[in-house]
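Each number in the working numbering corresponds to the 1-based position in the sequence shown with 538 added.
Everything labelled a hint here was simulated from the structure, so no lab data went into it. Please note that a few of the clues may not be correct.
Derived CB-CB ranges, DEER-like [as the list claims (entries may be wrong)]: (1) G551 x I578: 25 to 33 Å; (2) P610 x D574: 24 to 32 Å; (3) A577 x P548: 16 to 24 Å; (4) S561 x M541: 15 to 23 Å.
In silico SDA-like pairs for lysine to any residue, Cα to Cα no more than 25 Å straight-line [as the list claims (entries may be wrong)]: (5) K545 x P610; (6) K545 x T619; (7) K545 x A580.
From the three backbone atoms N, C-alpha and C, an ideal C-beta is built for every residue, glycine too.
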Amino acid sequence: MAMVRAKGDPQGGAILLLIESRSSPVRVLERTIDFDGVAILAESVPPDGAEAYWRRRCSRDPDLWVVELDIPEAERFAAETILSN
């Protein structure tokens, strides 16, 4: 299952992924650029939990997309769809 939790700007909004898993807490991944200029998915570890984190981020960045994924191999799916563009 995938669900858009917050709809951002279609052209320039950043994408924050909430990776759901029955066996572990929600993981937060975000597309970013590494030191070599390569797009990667970086994991954030919010101290106050994923829900509070993404809501706080949206209040500061109205262009932000927040997508929740509850599928097998969610990180691989995200890498293949987000990082390939």
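> Honestly, do G551 and I578 meet the 25 to 33 Å range at C-beta?
Replying inline: 18 Å, violated
>> Checking one constraint from the list: CA of K545 to CA of P610, max 25 Å. Satisfied?
In response: 23 Å, holds
> CA of K545 to CA of T619, is that 25 Å or under?
Replying inline: This hinted pair holds, its Cα atoms lying about 18 Å apart.
>> Taking 24 to 32 Å as the stated bounds, is the beta-carbon spacing between P610 and D574 within them?
In response: 30 Å, holds
>> Run the distance test for K545 versus A580: straight-line Cα separation, threshold 25 Å.
In response: Cα-Cα ~20 Å, so holds.
>> A range of 16 to 24 Å was offered for this pair. Does it hold for the Cβ distance of A577 and P548?
In response: Taking Cβ atoms as reference, A577 and P548 lie about 18 Å apart, which means the hint holds.
> Is the hinted range of 15 to 23 Å satisfied by the C-beta distance from S561 to M541?
Replying inline: 20 Å, holds
When the structure is compared with the earlier hints, a violation turns up for hint 1 alone.
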